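Line by line, the protein sequences are chains A and B.
FYI, full-length UniProt numbering numbers position 259 of the first sequence as 259, with every residue one higher than the one before it.
FYI, full-length UniProt numbering numbers position 152 of the second sequence as 152, with every residue one higher than the one before it.
These are computed hints drawn from the structure, not numbers from a lab.
Keep in mind it's a predicted model, so treat the numbers as computed, not measured.
Just so you know, even glycine gets a beta-carbon here, dropped at the ideal spot from N, CA and C.
Treat each hint with caution, since some may be false.
Heads up, incomplete: computed chain B residues facing chain A, CB under 10 Å, no partners named [as the list claims (entries may be wrong)]: (1) I53; (2) T54; (3) S55; (4) Q64; (5) A68; (6) F125; (7) P133; (8) L138; (9) S143; (10) G144; (11) L224; (12) L257; (13) A258; (14) Y259; (15) S261; (16) G262.
With a cut-off of at most 16 Å between alpha-carbon atoms, the simulated EDC-like pairs for lysine to aspartate or glutamate come out as follows [stated by the list, open to error]: (17) K137(B) x D74(A); (18) K237(A) x D74(A); (19) K137(B) x E190(A).
Now the in silico label distances, taken between C-beta atoms and shown as ranges [as the list claims (entries may be wrong)]: (20) N48(B) x G180(A): 29 to 39 Å; (21) P133(B) x A260(A): 30 to 40 Å; (22) T131(A) x P87(B): 36 to 46 Å; (23) I284(B) x E52(A): 53 to 63 Å; (24) K141(A) x S59(B): 46 to 56 Å.
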Amino acid sequence: MKKIGTILSLCCILVISGCGGRSTSEGITSMIIGGSTSIQPLMESIAETYNEKNDALVSIQGGGSSVGIKGTEDGTFQLGMVSRELKPEEAKQLDQTIIALDGIVVVVHKDNPVDSITMEQLKDIYTGKITNWKNIGGANKEIAVVSREEGSGTRDGFESIVGFSSSDLIRNSDIQNATGSIISDVSVNEHGIGYISLGSLSDSVKVLKIDGVLPSEESVKDGTYKIQRAFLLVQKKGEKQGSELFDFIFSEEGKKLIEAHNYIPVERK
Amino acid sequence: MKRMHSKLRIDAIFKTVVFFFTCISVIALAAILIFTLLKALPLFKEVNIIEFITSDVWSPSTEQFGIASFVVASILTTILACLIGIPVGLYTAIFISEIAPKKIASFVLFAVEILASIPSVIYGFFGLTVMVPFVQKLFNIRSGTTLFTASLILALMILPTVVSLSTSALKAVPKTIDEGSLALGATKMQTIMKTKIPYAKSGILTSFLLGLGRALGETMAVMLVAGNANMMPQLIPISEAYLNGGRTLTGNIIMELAYASGTHEAALFATGVVLFIFVCLINIIILRVKRKGVAHS
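Bound conformation, chain A alone:
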């Protein structure tokens, strides 16, 4: 029923916009973009502004990075949103464009004496091999791991960069489904450790260096901060659809939108 409703309303919009006699340079007026739920909110606001300015009909769907890739390959989506690296066999089929960068920062309680942590230690903490802060130079306190929920793009990104799978996550880990909850959980617990998106960082928690590098816009951009991911838009090799949308994303206005979502804008490559 819902689908029929959507189709009907889409038809109406198409008919109405057709009556207006607008220029419909093919493929640009109507486009479906789907994939990563991490990129979805950003692309939704980009699409909203873009649609208004250009009388276009770009719509955004979620589903996850893998859905975005599959949908782009089989033509369901004109563009796919992907927040992980493409696998070699996927890269053969698809062209990718990096539209923004996101750093994931590891946070602990303000009074935690630990300043820096290695990727290996981080992985051991999240998979339950290291369970006490004293093992990595902290106080003799059991570690309280905090993670995001299954399906969260931040969790997906964190796990794939740090290098463990969802089922290896320590079983007694607290799970919170919002950045704010992770911050408040860690800010009141001297045992706690959690991770959030760089842009959502607040003063109430302490940021850890990863392999000696403090996360910042610069260290994410120059690649020295390791826990970062690129937000990609992918399309079938050789297709040139949506080049006007890309122009918009890389324009000053697009960059502002990206910054408003607390991600790091990049230059077009």
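Go by the hints and put chain B onto chain A.
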């Protein structure tokens, strides 16, 4: 004659309007039920129902859906919340209806009813910033987000239900019962405990069960303080279960619904169906208790 006729007509219209509005509430229930069932259905093409309820492996990324640990966590928090909340609630009700002077009684009742109108997210926030650090320091444990903390918050949340319904049940006991008991030489306490409470039994039991239903169905506050760990609570010793985090049925739904799609989404709706069955069972028991109460008096 004519006036009589129009009066009858108004009466008929009134009946239709009442019937129409009744239909809305029944249809709403049916719609929610059907919608939830339909949304849950795709899961059972992939996963067997028995496995869904008895397996404790919940791993959406590998398409494994078992909610046993969430069922156990829900039952554990509900039981402890009732063990704490019900005695406190019942004694408060006795204080209000039997012991306190009128002014104090109405003040306490007012305070308890205010408790009922605080939004659950406020309870959760209070829990997260006050109770969680408190529980952590009290037991000197890794994290204060535990099933115990959740039970404490729930106990607080079911108080208004238990207090206000028990109070009205106690107040509904006829004066003659009181007087009879006192005239036979029973003390005030004996009269309350041995005469009034047994007389108001079905109303009081109903208040307990409604409180229990509230504890089982509460979502937001529990999600914020329970830790939501995806693991089976370890029942022996029982302190292990309560002093660790856990995820309730409601918590599981709200945790993951935002990003879920496909079978994962269906599994969350199926979690809702299981919760619905629990709530139905409680309501059937309430109906039975009430009917017994009616037959009794």
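A quick look at each hint next to the structure:
Checking I53(B) against chain A by beta carbon gives a least distance of about 19 Å; that is not within 10 Å, so the hint is violated. This hint is violated: T54(B) has a C-beta 18 Å from the nearest C-beta of chain A, more than the 10 Å allowed. The interface hint given for S55(B) is violated, since its Cβ lies 14 Å from the closest Cβ of chain A, which is over the 10 Å cut-off. Given hint, Q64(B) at the interface with chain A, holds; its Cβ is 8 Å from that chain's nearest Cβ, closer than 10 Å.
Checking A68(B) against chain A: minimum C-beta separation of about 14 Å lies over 10 Å; hint violated. Proximity of F125(B) to chain A holds as hinted, the smallest CB-CB distance being about 8 Å (cut-off 10 Å). The closest approach between the C-beta of P133(B) and any C-beta of chain A is roughly 5 Å, which is under the 10 Å cut-off, so the hint is satisfied. Contact between L138(B) and chain A, as hinted, is not supported at the beta carbon level, the nearest pair being about 14 Å apart and thus beyond 10 Å.
Given the 10 Å rule on beta carbons, the hint for S143(B) holds: about 4 Å separates it from the nearest Cβ of chain A. Because the closest C-beta pair between G144(B) and chain A is about 7 Å apart, less than 10 Å, the hint holds. For L224(B), the interface hint holds, the least distance from its beta-carbon to any beta-carbon of chain A being 7 Å, beneath 10 Å. Because the smallest distance between the Cβ of L257(B) and any Cβ of chain A comes to about 9 Å, under 10 Å, the interface hint for this residue holds.
Given hint, A258(B) at the interface with chain A, holds; its Cβ is 7 Å from that chain's nearest Cβ, closer than 10 Å. A least Cβ separation of about 4 Å between Y259(B) and chain A falls short of the 10 Å threshold, and the interface hint therefore holds. A cut of 10 Å between beta carbons decides the hint on S261(B): the least distance to chain A is about 5 Å, and the hint holds. Hint on G262(B) holds. Least Cβ distance to chain A is approximately 8 Å, under the 10 Å limit.
Distance restraint check for K137(B) and D74(A): the Cα-Cα separation of roughly 55 Å exceeds the 16 Å cut-off, and the hinted pair is therefore not satisfied. A hinted pair counts as satisfied when its Cα atoms are at most 16 Å apart, and K237(A) with D74(A) qualifies at roughly 12 Å. Between K137(B) and E190(A), the direct Cα distance comes to roughly 11 Å. Compliance with the 16 Å bound is thereby established for this hinted pair. A hinted range of 29 to 39 Å holds for the C-beta pair N48(B) and G180(A), which are about 38 Å apart.
Between P133(B) and A260(A) the beta carbons are some 34 Å apart, a value that agrees with the proposed interval 30 to 40 Å. The supplied range of 36 to 46 Å is met by T131(A) and P87(B), whose beta-carbon atoms lie about 38 Å from each other. Between I284(B) and E52(A) the beta carbon distance is about 54 Å. The supplied range of 53 to 63 Å therefore holds. Evaluation of the 46 to 56 Å hint for K141(A) and S59(B) yields a failure: the beta carbon distance comes to about 29 Å.
In the structure shown, a violation is registered for the earlier hints numbered 1, 2, 3, 5, 8, 17 and 24, in ascending order.
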